[in-house]
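Trainee: Chain residues, written in single-letter form:
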Amino acid sequence: MIQLADYEQIVGPQVLEELKILSKSLNGRKVLHVNSTAVGGGVAEILSRMVPLLNELGVETRWEVVKGGEAFYAVTKKIHNALHGNEDGLSEQEYQTFLDVQEENIKTMKFGEDIVFIHDPQPIGLIKLRKKLGNKWIWRCHVDVSKPNPGVWNFLKTFVEQYDKSVFSAPQFSQKLSIPQALICPSIDPLSEKNREMTKEEINSIMRRLKIPLDKPLVTQVSRFDRLKDPVGVIKAFKKVQKYSEARLLLVGGTADDDPEGTEVLLETKEAAGNDPDIIILSLPPTSHIEINAIQRVSTIILQKSLKEGFGLTITEALWKGKPVIAGAVGGIPLQVTHKYSGILTHSIDGTAYWLKQLLQDPAFAKKLGENGRAHVRQNFLLTRHIRDYLLLFLSLYHTEEDLINL
Amino acid sequence: MPFIKAEAPFIFKTQLSLVETMGLKARDLVELNYYLKEVPESSVYHHTHHFLQQHQYLTPEPPNDFAYWIANVLQEDEMGEKIAAIDTVQFGTLEALRGALVGAIEEYLAKHKALRKAPEGEEFHFMKSIRFILPTVYSASDLGEFLDCLTHISPSCLYNHIFGARLRPPLGESDFSNWLKNSLGETELAGKIERLDPYTYTMEGLRKKIIHLIEKRLERDR
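As they're listed, the protein sequences go chains A and B.
Note that numbering that gives the first Met the number 0 gives residue 70 to position 71 of the first sequence, counting from 1, and the numbers run on in steps of one.
Note that numbering that gives the first Met the number 0 gives residue 156 to position 157 of the second sequence, counting from 1, and the numbers run on in steps of one.
Here chain B stands alone, though its shape is the one from the complex (with noise of 0.2 Å):
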């Protein structure tokens, strides 16, 4: 059967960071607190991501840099797991997450009075991402040409369409997904998609997933 035909192909973009430090140094919980509420959304996005690019070998990946922080260097355990606990892939902007991690943190300051500082030399030093997004060779108008340039893109073309557009409007939702649906019609296939967990793959564990997804969808037509 031949492929349906999109009237826009999807254009693969990658996402690639240069790395910013701020100049602001936490020592403790009641600092980091403090620091997080005020700076831009660029640096919650870098201190809750930045580990996926940097790590994308790894699974499970380590947690977040403040659950990583809180748990190795202020070796507040409690805190530092409850951290890690909370569901990046649920929150579908930054603000929301910047409050969900806020929220944790006064409520365990509202607890314990008693504080552990970091030694020096080992404080939570914020930082942020500047993301560029360029538009790469690849580009595909049907589900075949879209499985061939999956199986080419790099991994943070692949970073960019799952975990960054998640956090761009259409709100909570990759942009594969979104043009397999509303391109293709491909409604089972983008929902799919939709509800892997990306946060628990490696790159190439997702890629894997998702080039396996559309295949199992291709059998049907053949």
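Extracted from the complex, chain A is given alone in its bound form (with noise of 0.2 Å):
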């Protein structure tokens, strides 16, 4: 199992050492973290890393999921799409169902700890027993909820209002609402397989097993095939600048089996590469983290030209590689790249074309982003800054008067 003595090598010492004064400081406090799924998903990912981390720093912490049907979990998938600005509503039998399951839980769980850290919509009615127990809660939002639909989110916003906290991911999805606002980024486990360090053999033969070719700078988007990620206006950026470089350009997204705008999306894609040698179009199951981890270190410049974008691990990812990166302004990009210093913000495909011309005529500017990216990843979106960062929240549920604490 990995432990937080793993990361020193990578961090530093003096993270782990802030990691420990912090555990400490919160003198025995407990946690408990609860959410709606224990495998798949980004949440689900993140606290089977984080859990066993916390517990080694002395930080007593139990993860927990509520237990609901397929009817609750189809109306939480209606909340989650709501939460996108989707306008379908809900019916009133739907809301009971969703008020049922809580409930049903209520009964079942145990709250005891003196933190509850409840994530995302699907068990957020818990808090009903805040008052009860007079611990704290807090409810962290790891949905992009710039736009949400005004009748769910106003729903929800009942029982968020409840809490002592919450939080979100990036300033553009923060609310006007009564309780404090924390903003934590989500991170990347520098240890996983998508982010390890590999060696050139292990890179040079998923090459060869996925059949691209190494004899010309390869320009990489990762994403799924969704006209949000545009990757037609990658195409056409990149077609652009092929009258003054030499370069292949490589779109690699997840299957599409199960989503109807995603095979129309991938036609599109294919219509608008024509016949072009010099891009390719890759489509990997979402378990192919080794591979996407190789592409992403084989590549000369990384795109993610967006046109909407929740945080965009994926640049996080291609960052932490030493990758120029090329993305559009949107989302949590820009708390990423700082456009000149750590990577390019683009607005359009002109923009894009310009940059990557640029860069690929400039690989000196282009190493320089890379550093600078890394750099940036490796203090603000590792794992070890989330966290930092949670120690840090719980801490401030004891402190709420103040904004500079002496400890």
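These aren't lab readings, by the way, just hints derived from the structure by calculation.
Please read these numbers as outputs of a predicted model, since none were measured by experiment.
Treat the hints loosely; a few may be bogus.
So, partial list: chain B residues that the calculated Cβ filter (under 7 Å) puts toward chain A [stated by the list, open to error]:
id, residue
1, Leu15
2, Val18
3, Gly22
4, His49
5, Gln53
6, His124
7, Ile129
8, Arg130
9, Leu146
All residues carry an ideal CB built from backbone N, CA and C; glycine is no exception.
Assembling the complex is the task here: the two chains are given apart, and the hints tell you how they should meet.
Mentor: Right, here's the structure in full:
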């Protein structure tokens, strides 16, 4: 099992020392995390790595999962889509299903910890117990709620405002609320399959297996075949650059069997690529972590020409590999990329083409961007920073009146 | 020569911040100015200092958040440059710094009526830093121990004693200079450290520079 000490070679001893100081300052307070799934999805992935590390730090932490049937998850899927802006609201019956499951879980679960940390909307109604228990409650929203469906958001807001604190992943997602809103960005684990160091042999063998030639600089976008990731725009930008620079474009996305729109976008993308031998479109299963790791490492430039984005962890992954990134200035991307310092931010196909040409022709500048990007991720977007922010968040629950706290 | 011992040791403390969003966003310079006048000091602090901790590997650092947004999003280049040039190190209090920022924006607004608006999704979001100051395991009673600790402390700890300290009483002075002068009588060394403009170094560059100054001072005693 991975231990805290394994991160020392990556982040340095001082970061771990600070985590120990913060943990000690919590004076033995215990924490309970609650979400809706034990496996699959970003929240479960982070918790599965973070909970053992918090316990190793001496912060006794438990993780529970709410139970609900098919009908409940159909409702929470609808809530999820509504938070992303889908106009379909919920029926009275659906709201009732949601509330019933909260009650059932309240009866069966235990919440004796000092701090109860609720993730996403599925278990949000458990807050009902706060008054009775008198402990501290945090609600973390992992979803992009920059433009939520107002009806569904107002329903959730009545619960959110009963919490001690809320947490959002990007400033654009914050809302007008009567409770404080912490900003805590997601993170990547540098020791996971998707981000661990790889040998040249390992990378080359994967490239041979995937039939990706390496005779030209590789420009890559890793993302679902989704219109909001603008794969057709990427091809248009690349074609503008082909006149001046020799390069190969690789668009890597997930398989789209259960997503009719995804299949459609994939077809549009293939059509836009035409018969150009220098444009490769590759579908990989969602478990292809090591393959994505290898592709990112072998790429010369990484694109993420998103028109809308949550936080954009694929960019974090690329920056961590020291790659120059050209990305759309949307969602959480500007938190990761400071234009012309740690990458390039663009707003259009022409802008993307312009900077792609620049970086292909100026490898020294591209290298500097990549180096700065990696340093930025090391400092701000690794799992250890995420743990530090959570520890600070826990401490802040006991110092609500101050902005400068001497411990 | 033996080191002079201080009566009270220097306890190295680190500063770590939790960021909170305030639910306020500005689309142009008028709105930026309006909110800038009313947000708490911890928000002024956040937008003029957080990049130092977030980008401590970069030199020159990106300008403060206001200047970056004005230049890169609003593309009001003249104003962005002016705000970037405000010499943060000169201000002993956050109120004074806020006054300088507001003054510069208002001067510009008086002359320019046609203002650019940020594209949707690129508004300026006001945030604040909740700062925690925590003691570390490092402490020093003389110059030799102080030098040794300096090589081990975290960048956040160095940041706290140099940048954070200037905004706490005794105002406008780093904790290092204050202790070296008042507890060890090292007035000259304290003055040299105080004259550094920390905003022009990376954190590691600053650490090296201070270590160098102390080593030079110690050479004199050998």
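Trainee: With 7 Å as the cut and Cβ atoms as the points, is B:Gly22 at the interface with chain A?
Mentor: It holds, given that the least Cβ distance between B:Gly22 and chain A is near 5 Å, below 7 Å.
Trainee: B:Val18 was flagged as interface toward chain A. Is the shortest Cβ-Cβ separation under 7 Å?
Mentor: holds, 4 Å
Trainee: Would the stated hint for B:Arg130 survive a check requiring a Cβ distance to chain A of less than 7 Å?
Mentor: holds, 5 Å
Trainee: Please verify that hint: B:His49, Cβ, nearest Cβ of chain A, below 7 Å or not.
Mentor: violated, 10 Å
Trainee: Holds or violated: B:Gln53 as interface residue toward chain A, Cβ cutoff 7 Å?
Mentor: Since the shortest Cβ distance to chain A is 6 Å, the answer is holds.
Trainee: Close enough to count: is the Cβ of B:Leu15 nearer than 7 Å to one in chain A?
Mentor: OK, holds: B:Leu15 within 7 Å of chain A, min 6 Å.
Trainee: Once the shortest beta carbon distance from B:Ile129 to chain A is found, is it less than 7 Å?
Mentor: holds, 5 Å
Trainee: Let's test the interface hint: is any C-beta of chain A closer than 7 Å to that of B:Leu146?
Mentor: violated, 17 Å
Trainee: Taking the least C-beta to C-beta distance, is B:His124 closer than 7 Å to chain A?
Mentor: OK, holds: B:His124 within 7 Å of chain A, min 4 Å.
Hint compliance for this structure: hints 4 and 9 are broken, all remaining hints hold.
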